[in-house]
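Asker: Protein chains in written order, with my numbering: chain A, 388 to 548; chain B, 840 to 1538.
Hint data in this document are derived by calculation from the structure and do not stem from the laboratory. Quantities reported herein were computed from a predicted structural model and do not represent experimental measurements. Be aware that one or more of the hints could be misleading.
[Unchecked claim] Over 12 Å on every C-beta distance to chain B, these chain A residues come out as not near it, computed from the model:
{"#": "1", "residue": "I489"}
{"#": "2", "residue": "A528"}
{"#": "3", "residue": "R536"}
[Claimed, not checked] Interface residues of chain B toward chain A, partial, derived using beta-carbon atoms under 8 Å:
{"#": "4", "residue": "G890"}
{"#": "5", "residue": "R1253"}
{"#": "6", "residue": "A1345"}
{"#": "7", "residue": "S1398"}
All C-beta atoms, glycine included, are put in the ideal place defined by N, C-alpha and C.
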Amino acid sequence: VTTILAAVDASAAAQPVLDTATALGRTLRMPVVAIHVRQDGTADTSRAVEQTMGWFAGSGVEIVSLHVFDTTTVPRFWDRPEHDHAAWTREFLARNAPAAGIRLQVRSGWPSDRVLEVASAEGADMIALGWGRRLAPDRAAVVREVLTRTPVPLILLPRPA
Amino acid sequence: MDPADRGDRPDRNWTVTVDADPRLERVAEALCTLADGRFGTRGSREEDGAGSAPLTLAAGVYHDPGGGTTLLPGPVWTGLDTAPPLGHDRRELDLHGGVLRRTWRTAGGTTLHTLRFASLARPGVVGLRAEGSPGALGAGPALLPPGGGIDVEQGRQRDIAWVRTRSAGGGGITAAACQHTTDGGRVVERLAVYLADPGQAPPPEAATERLREVERVGFDRLLAEHRAAWAARWADAEVTIQGDPDTELAVRFALFHLLASAAEEGEAAVGARGLTGPVYAGHVFWDADVFVLPVLAAVDPAAARAMLEYRIRRLGPARELAAAQGRSGARFAWESAADGTEVTPLWATDRQGNRVRIRTGELEDHIVADVAWAACRYVDWTGEGAVLDGPGRALLLEGARYWASRVRRDQAGRAHVDGVIGPDEYHVEVGDNAFTNVMARWHLRRAAELAERAGGATAEEVAAWRGLADALVDGYDPATGRYRQFAGFDDLEPLLIGELARPPVAADLLLGRDRVRAAQVVKQADVLMLHLLVPEETAAGSLAPNLAFYGPRTAHGSSLSPAVHAALLARAGDPDRALELFRVACRLDLDDLTGTTAGGLHVATMGGVWQALTTGFCGLRPTDEALELDPCLPAAWDSVEVRLRYHGRRLHLRAGHDHLELATDGPVAVRLSGLAARTVVPPGTTWRRVGTAWEGESK
Chain A
388 VTTILAAVDA SAAAQPVLDT ATALGRTLRM PVVAIHVRQD GTADTSRAVE QTMGWFAGSG
448 VEIVSLHVFD TTTVPRFWDR PEHDHAAWTR EFLARNAPAA GIRLQVRSGW PSDRVLEVAS
508 AEGADMIALG WGRRLAPDRA AVVREVLTRT PVPLILLPRP A
Chain B
840 MDPADRGDRP DRNWTVTVDA DPRLERVAEA LCTLADGRFG TRGSREEDGA GSAPLTLAAG
900 VYHDPGGGTT LLPGPVWTGL DTAPPLGHDR RELDLHGGVL RRTWRTAGGT TLHTLRFASL
960 ARPGVVGLRA EGSPGALGAG PALLPPGGGI DVEQGRQRDI AWVRTRSAGG GGITAAACQH
1020 TTDGGRVVER LAVYLADPGQ APPPEAATER LREVERVGFD RLLAEHRAAW AARWADAEVT
1080 IQGDPDTELA VRFALFHLLA SAAEEGEAAV GARGLTGPVY AGHVFWDADV FVLPVLAAVD
1140 PAAARAMLEY RIRRLGPARE LAAAQGRSGA RFAWESAADG TEVTPLWATD RQGNRVRIRT
1200 GELEDHIVAD VAWAACRYVD WTGEGAVLDG PGRALLLEGA RYWASRVRRD QAGRAHVDGV
1260 IGPDEYHVEV GDNAFTNVMA RWHLRRAAEL AERAGGATAE EVAAWRGLAD ALVDGYDPAT
1320 GRYRQFAGFD DLEPLLIGEL ARPPVAADLL LGRDRVRAAQ VVKQADVLML HLLVPEETAA
1380 GSLAPNLAFY GPRTAHGSSL SPAVHAALLA RAGDPDRALE LFRVACRLDL DDLTGTTAGG
1440 LHVATMGGVW QALTTGFCGL RPTDEALELD PCLPAAWDSV EVRLRYHGRR LHLRAGHDHL
1500 ELATDGPVAV RLSGLAARTV VPPGTTWRRV GTAWEGESK
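Please construct the entire structure, taking both the sequences and the accompanying hints into account.
Answerer: And the structure:
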């Protein structure tokens, strides 16, 4: 399960994010925004997500976005890492996080582990995760784990259920 | 009728339509690239829009900006001062005419049309015509400098603008352009000329002088010439698949870009993405030799000869590379650019963000035999044996000397090749890789034959090559009919990729480098590649058992892999499964299955598509003495028609499930399963299938 993403589906939800970023912008470093894009290129993302990341970036916050590979998100083809990594990363950001200055990290494995690992390695002051707004026992495993284990504040970005 | 066209509407079976999607803008640009073998221009929008990356590249003109050798961006000729689209925005690539059209509607309700071409008749000449309304359409500068901190000069000579980009090494690309606005501002017509030289940036005067010549010819005549040139090119290359129009269009799309990827004279450095984008930096790999050159040898022999010339002219650096490794002969660089030296990057980032060493440049020795194989395949298709007797001879002989110095003999006299990477790059520094060893064996034997016929090696060398070839271990087990991929492969963790993910899948990203290295998971056809390239060097009947074993272990993480497997599945008598993988290969760029098409098209995969169609489904195989034919079509296809050239003859093959027809412009020796070699006399010969064999009659 890797559905962790930055998704904001309403301006009412986006505004607090912007306010937080603006208010804390000068003190925040590198929140991790996880993006989930499937093999076919579709993403549980929206224009609002791009705007949110753009606002963060525009407020002086350095953003590291994270894409975790699993069986549904790993690229089908990876000819040569020495060439494809940079090309794929550049295009991935252009499509999914086009705001200037956003860096992309990719990892493989269990998403919550990778989110916390990257947040630690990057010295992140905040983590932003998408959330489907459902807390049934079989849902939101990644959100629950990160919420339980994170040493830094976590922003949940609601996305359409 | 499209006002900008002023010609017939294209056939839908020859037109790739791309509707705008802001997220996929750069993919559309790559798909709609127009090239003439020397210059390539991406199909970028005319207005300066977000996400757009207009780019013109020149074959073989590289620069080194400090981060490694890459193709030099040239001046941009496609910009217009126009209103952006709101809603409808469509590009149509006419494959038969080599023309890109675009139609879009502006916020003001105006519909704009553009048409552009990169002249196949006059390489380096490009044209753009736009029609709209005075308020929505303005010409803007005829040429723009590229971005990215490139060294640029620009100026004017009366009504002609010129721009020149220079590489750090002194080479450059120079363009000159003129344009006219007519019909009260409704029509903009632009012509431009490109010149390029890898050693010295061409003077602007030369470009402006050539532009004045083509200006006198006129836009419409240039366009007509260009269309005629493409029609002539297709007359030797057309493919028709009755019963599967989508696949037919995809194959034509692949051929269109292959035919545009190499010039027909001089030398042709065909990079991994051709002239369609900046990714892979224009570096030349084995992809060019093994996947692209054979196609052009059959449909555009002059372009294939130019590709061969690229290797011939880089024998010097290949000798130096072998010497630097303490070897004899010549060892081509795994990735090469202008001067033929090794330009493979040394580092990459893995799936955990770690920096990892890349050793393909150091260890992927099979490039030596790949180049030799391509040279021989060129001769197999064209019949021009004089190439190998003359300028191409050293490609084989110097390569054989390399293998002779690379091979290790054990105490029992068996010969081994240690420490290599095969096509399956998941496994690094392995010994006795079957692909490498068998290709080396084939190479040594062909070099020995050539030296006996054409000289260039001593009798002692020839005898040694034959002895080495016979002594090379190949990992074949007669009991199973299977080749062991490399020494120790059978001891690795058994792993069927389908149990983890549905292939194609980049297994190294999913599982990690260490895991795939320790497992029987294969990136792409490795042992199986032998059955495609040198089936005469494989054990009779070994295709089926090796397909059965390696097929489920292959992740197809290389974009080259699906087409190869499709070809071999067809040869193994399973054309319906072959079609599934064939369609993956056909759609690789059209559906951006890699996520990297934005950076350029996978021209080697396109070459694989054509080879899967011809070698796989049609059973076409050129040899010195005859063209072998053995069609095996999937149920979804009614028939396949292929046009190509063999030994100087033009062939039109039409294959159905139980019917085969061959039209030629002269006698051609062919061999069908169940028939001895025979001569076909025009206007044609037909055969009908009887059981597993064919019975024929001449018209």
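Asker: If a hint holds in the structure, say so; if it doesn't, say that too.
Answerer: Structure-based check of each hint:
no.: 1; hint: I489; verdict: 15 Å, holds
no.: 2; hint: A528; verdict: 20 Å, holds
no.: 3; hint: R536; verdict: 19 Å, holds
no.: 4; hint: G890; verdict: 6 Å, holds
no.: 5; hint: R1253; verdict: 33 Å, violated
no.: 6; hint: A1345; verdict: 4 Å, holds
no.: 7; hint: S1398; verdict: 5 Å, holds
In terms of the numbered hints stated before, the structure departs from hint 5 and from no other.
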